[in-house]
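Peer 1: Please put together the full structure from these sequences, using the hints given.
Protein chains: 2
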Amino acid sequence: MNIGIIGLGLMGGSLAKAVKRYGIAKKVYGFTNSEKNKKDILDLNLVDELVDLETLKKVSDVIILAIPVDAIIGMFPNFLDIDENTTIIDMGSTKGYIVKNIPAKIRKNFIAAHPMTGTEKSGPKAAIDDLYEGKTVVFCDLEDNGNLHVNKAFKIFQAIGMRIVVMDSNQHDIHACFMSHLPHILSFSLANTVMSHEDPKSIIALAAGGFKDMSRIAKSSPRMWGDIFKQNKKNLLASIDLFESQLQNARKMVEEDNYEDLEKWMKKANTLHEIL
Amino acid sequence: MNIGIIGLGLMGGSLAKAVKRYGIAKKVYGFTNSEKNKKDILDLNLVDELVDLETLKKVSDVIILAIPVDAIIGMFPNFLDIDENTTIIDMGSTKGYIVKNIPAKIRKNFIAAHPMTGTEKSGPKAAIDDLYEGKTVVFCDLEDNGNLHVNKAFKIFQAIGMRIVVMDSNQHDIHACFMSHLPHILSFSLANTVMSHEDPKSIIALAAGGFKDMSRIAKSSPRMWGDIFKQNKKNLLASIDLFESQLQNARKMVEEDNYEDLEKWMKKANTLHEIL
Numbered sequence: 001m002n003i004g005i006i007g008l009g010l011m012g013g014s015l016a017k018a019v020k021r022y023g024i025a026k027k028v029y030g031f032t033n034s035e036k037n038k039k040d041i042l043d044l045n046l047v048d049e050l051v052d053l054e055t056l057k058k059v060s061d062v063i064i065l066a067i068p069v070d071a072i073i074g075m076f077p078n079f080l081d082i083d084e085n086t087t088i089i090d091m092g093s094t095k096g097y098i099v100k101n102i103p104a105k106i107r108k109n110f111i112a113a114h115p116m117t118g119t120e121k122s123g124p125k126a127a128i129d130d131l132y133e134g135k136t137v138v139f140c141d142l143e144d145n146g147n148l149h150v151n152k153a154f155k156i157f158q159a160i161g162m163r164i165v166v167m168d169s170n171q172h173d174i175h176a177c178f179m180s181h182l183p184h185i186l187s188f189s190l191a192n193t194v195m196s197h198e199d200p201k202s203i204i205a206l207a208a209g210g211f212k213d214m215s216r217i218a219k220s221s222p223r224m225w226g227d228i229f230k231q232n233k234k235n236l237l238a239s240i241d242l243f244e245s246q247l248q249n250a251r252k253m254v255e256e257d258n259y260e261d262l263e264k265w266m267k268k269a270n271t272l273h274e275i276l
Numbered sequence: 001m002n003i004g005i006i007g008l009g010l011m012g013g014s015l016a017k018a019v020k021r022y023g024i025a026k027k028v029y030g031f032t033n034s035e036k037n038k039k040d041i042l043d044l045n046l047v048d049e050l051v052d053l054e055t056l057k058k059v060s061d062v063i064i065l066a067i068p069v070d071a072i073i074g075m076f077p078n079f080l081d082i083d084e085n086t087t088i089i090d091m092g093s094t095k096g097y098i099v100k101n102i103p104a105k106i107r108k109n110f111i112a113a114h115p116m117t118g119t120e121k122s123g124p125k126a127a128i129d130d131l132y133e134g135k136t137v138v139f140c141d142l143e144d145n146g147n148l149h150v151n152k153a154f155k156i157f158q159a160i161g162m163r164i165v166v167m168d169s170n171q172h173d174i175h176a177c178f179m180s181h182l183p184h185i186l187s188f189s190l191a192n193t194v195m196s197h198e199d200p201k202s203i204i205a206l207a208a209g210g211f212k213d214m215s216r217i218a219k220s221s222p223r224m225w226g227d228i229f230k231q232n233k234k235n236l237l238a239s240i241d242l243f244e245s246q247l248q249n250a251r252k253m254v255e256e257d258n259y260e261d262l263e264k265w266m267k268k269a270n271t272l273h274e275i276l
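So the protein lines, in turn, are chains A and B. The opening residue of the first sequence carries number 1 in our numbering; numbering runs sequentially from there. The opening residue of the second sequence carries number 1 in our numbering; numbering runs sequentially from there.
Worth flagging that the hints you see were computed from the coordinates, not collected in a lab. Everything numeric in this text was worked out from a predicted model, so none of it was measured. Careful, some of the hints might be misleading.
[Claimed, not checked] Heads up, simulated EDC-like pairs for lysine to aspartate or glutamate below, C-alpha to C-alpha not over 20 Å straight-line:
id, chain 1, residue 1, chain 2, residue 2
1, A, Lys233, B, Glu274
2, A, Lys264, B, Glu263
3, A, Lys230, B, Glu54
4, A, Lys230, B, Glu260
5, A, Lys26, A, Glu49
6, B, Lys234, A, Glu198
7, A, Lys267, B, Asp52
8, A, Lys27, A, Asp52
9, B, Lys268, A, Asp48
10, B, Lys234, A, Glu49
11, A, Lys20, A, Asp40
12, A, Lys108, A, Glu84
13, A, Lys212, B, Asp70
14, B, Lys155, B, Glu120
15, A, Lys267, B, Asp70
16, A, Lys234, B, Glu274
17, B, Lys233, B, Glu244
18, B, Lys230, A, Glu260
19, B, Lys39, B, Asp61
20, A, Lys58, A, Asp81
21, B, Lys219, A, Asp81
22, B, Lys230, A, Asp61
23, A, Lys125, A, Glu244
24, B, Lys233, A, Glu84
25, A, Lys219, B, Glu260
26, A, Lys252, B, Glu244
27, B, Lys100, B, Glu120
28, B, Lys219, A, Asp261
29, A, Lys233, A, Glu274
30, A, Lys125, A, Glu198
31, B, Lys230, A, Glu263
32, B, Lys264, B, Glu274
33, B, Lys105, B, Glu49
34, A, Lys267, B, Glu255
35, B, Lys233, A, Asp52
36, B, Lys219, A, Asp168
37, A, Lys234, A, Asp70
38, B, Lys38, B, Glu49
Peer 2: Pasting the structure below:
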């Protein structure tokens, strides 16, 4: 089959590498509207051919959307004339808002997926060989998709080494919020706490593993994360409030020298690692 | 010289490995009051000999305290009869409270150090070969130490591959708070946010790099961190408040759909990585 990838940054570029490496696609086509990225995509040889959108729609058996979540919504009108056998897969980090807005005419074709993987980097040069290897991909609301399309999607993601999980899009958005969206806004907040100090350089000179790990994802793309926070606003606000109540609880125990309860609270946090 | 290490967990055990590997000590002595750890220390061959405290004081040219910060304070009375040429180095994560409480009689001997390194693990089995390699060690308030002692301390830590930074103990406690203590309480809070959900297992099934990195240090020892939070209480509370104002600011921008300012805020967070 031919695979067309729209957006060839970290996610799309790494997917292009993976489907080529595993010989899944006869040909990999790419489309980007970023002039800046075109040269990098060609230099890195990420796709067999960069084409315009209309060509990509005609030559691809599967079209994969690897663009920010608001841009996914913006693409819908372009797919209204798609062939009934063409599969469209979006890889956005939010699912509820996207699924709710898929035009009825392409609902059977349009697979809502979220590969739970990434790095803090973005753009074609961020593409890496094994981004998807051994990771989990979540598919949502598959009951509204045609079997032909579900099968093609499963085939591709399993072939590049992913484990499939299926869930309701609303449930996905809650889970992804705790596992990804909340950690990102906390990491941005931590980075800005330090950057707002009068002398961040001398503080950061002492950075070790803990701070480095906690601030790594504060390097992520503001454009991409703004869209995600917007589309998952309700869950994000709720998860921030849950986090706040934990942090305020800890703050209170420190302030009141209640180190016995604080130790119990930390022991509870330790139990995370019986699961993870 | 002979080095005596009190406490042979992650920090002390790794130091024993390092000084042996670099041939810095003629003999490495160890002392622990944990019966549970004694067998592991001997099985792992971390020291040449486990001795009692009085013996360790007599045979060591340098005594290193690698125990929780409250236990360091508790050890002071044991060192009042120390030889004037014996150096004592504490490796605690807080410095202000410790320095303030060093008995005058041993002030020249007692070097306040903080190697900025660690992992989330604890105990003798957590000891690793290269924990100190290429990392930074902070020495505080050296103006109150004798040159003999400062020179011995510098020699040891440089020989195991560390870079030396010198600062005032109060300044250290602020910097270490931002780089280590605040990140730890945030990580504990994030872990407890998820563990307090009705179904943490199904959520954690989707964990990827971001959450894993942000929750790693939530596995750290509650005993050790309770002591650190207690000794650095003032700075910790202040840094939590600074973090809170960043997170609340972000929350407000999301709530009010002010994505333009939110993007600017995230771009500021990105600038951390021009330094780190």
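Peer 1: Hey, Lys219 of chain B versus Asp261 of chain A, does the alpha-carbon distance stay inside 20 Å?
Peer 2: holds (17 Å)
Peer 1: Regarding the pair Lys105 of chain B and Glu49 of chain B, is the alpha-carbon distance no greater than 20 Å?
Peer 2: Distance of about 29 Å is beyond 20 Å: violated.
Peer 1: Checking one constraint from the list: CA of Lys125 of chain A to CA of Glu198 of chain A, max 20 Å. Satisfied?
Peer 2: violated (34 Å)
Peer 1: Assess, step by step, whether the Cα of Lys58 of chain A is no farther than 20 Å from the Cα of Asp81 of chain A, and give holds or violated.
Peer 2: holds (10 Å)
Peer 1: Would the hint linking Lys230 of chain B and Glu263 of chain A be met if the CA-CA limit is 20 Å?
Peer 2: holds (11 Å)
Peer 1: Going straight from one Cα to the other, do Lys267 of chain A and Asp70 of chain B come out at no more than 20 Å?
Peer 2: holds (19 Å)
Peer 1: For the pair supplied as a hint, Lys230 of chain A and Glu260 of chain B, is the alpha-carbon distance within the 20 Å limit?
Peer 2: Distance of about 11 Å is within 20 Å: holds.
Peer 1: Would the hint linking Lys264 of chain A and Glu263 of chain B be met if the CA-CA limit is 20 Å?
Peer 2: Between Lys264 of chain A and Glu263 of chain B the Cα gap is close to 38 Å, so the pair fails against 20 Å, i.e. violated.
Peer 1: Holds or violated: Lys20 of chain A and Asp40 of chain A, Cα atoms, limit 20 Å.
Peer 2: With a Cα-Cα distance of about 18 Å, the restraint between Lys20 of chain A and Asp40 of chain A holds, given a limit of 20 Å.
Peer 1: Would you check the hint for Lys219 of chain B and Asp168 of chain A, treating anything up to 20 Å between C-alpha atoms as holding?
Peer 2: violated (31 Å)
Peer 1: Check whether the Cα positions of Lys26 of chain A and Glu49 of chain A lie no farther apart than 20 Å.
Peer 2: holds (12 Å)
Peer 1: For the pair we were handed, Lys219 of chain B and Asp81 of chain A, check the Cα-Cα distance against 20 Å.
Peer 2: This hinted pair is violated, its Cα atoms lying about 52 Å apart.
Violated hints, listed in ascending order, are 1, 2, 3, 7, 9, 10, 13, 14, 16, 19, 21, 22, 23, 24, 27, 29, 30, 33, 34, 35 and 36; each of the other numbered hints is respected by the structure.
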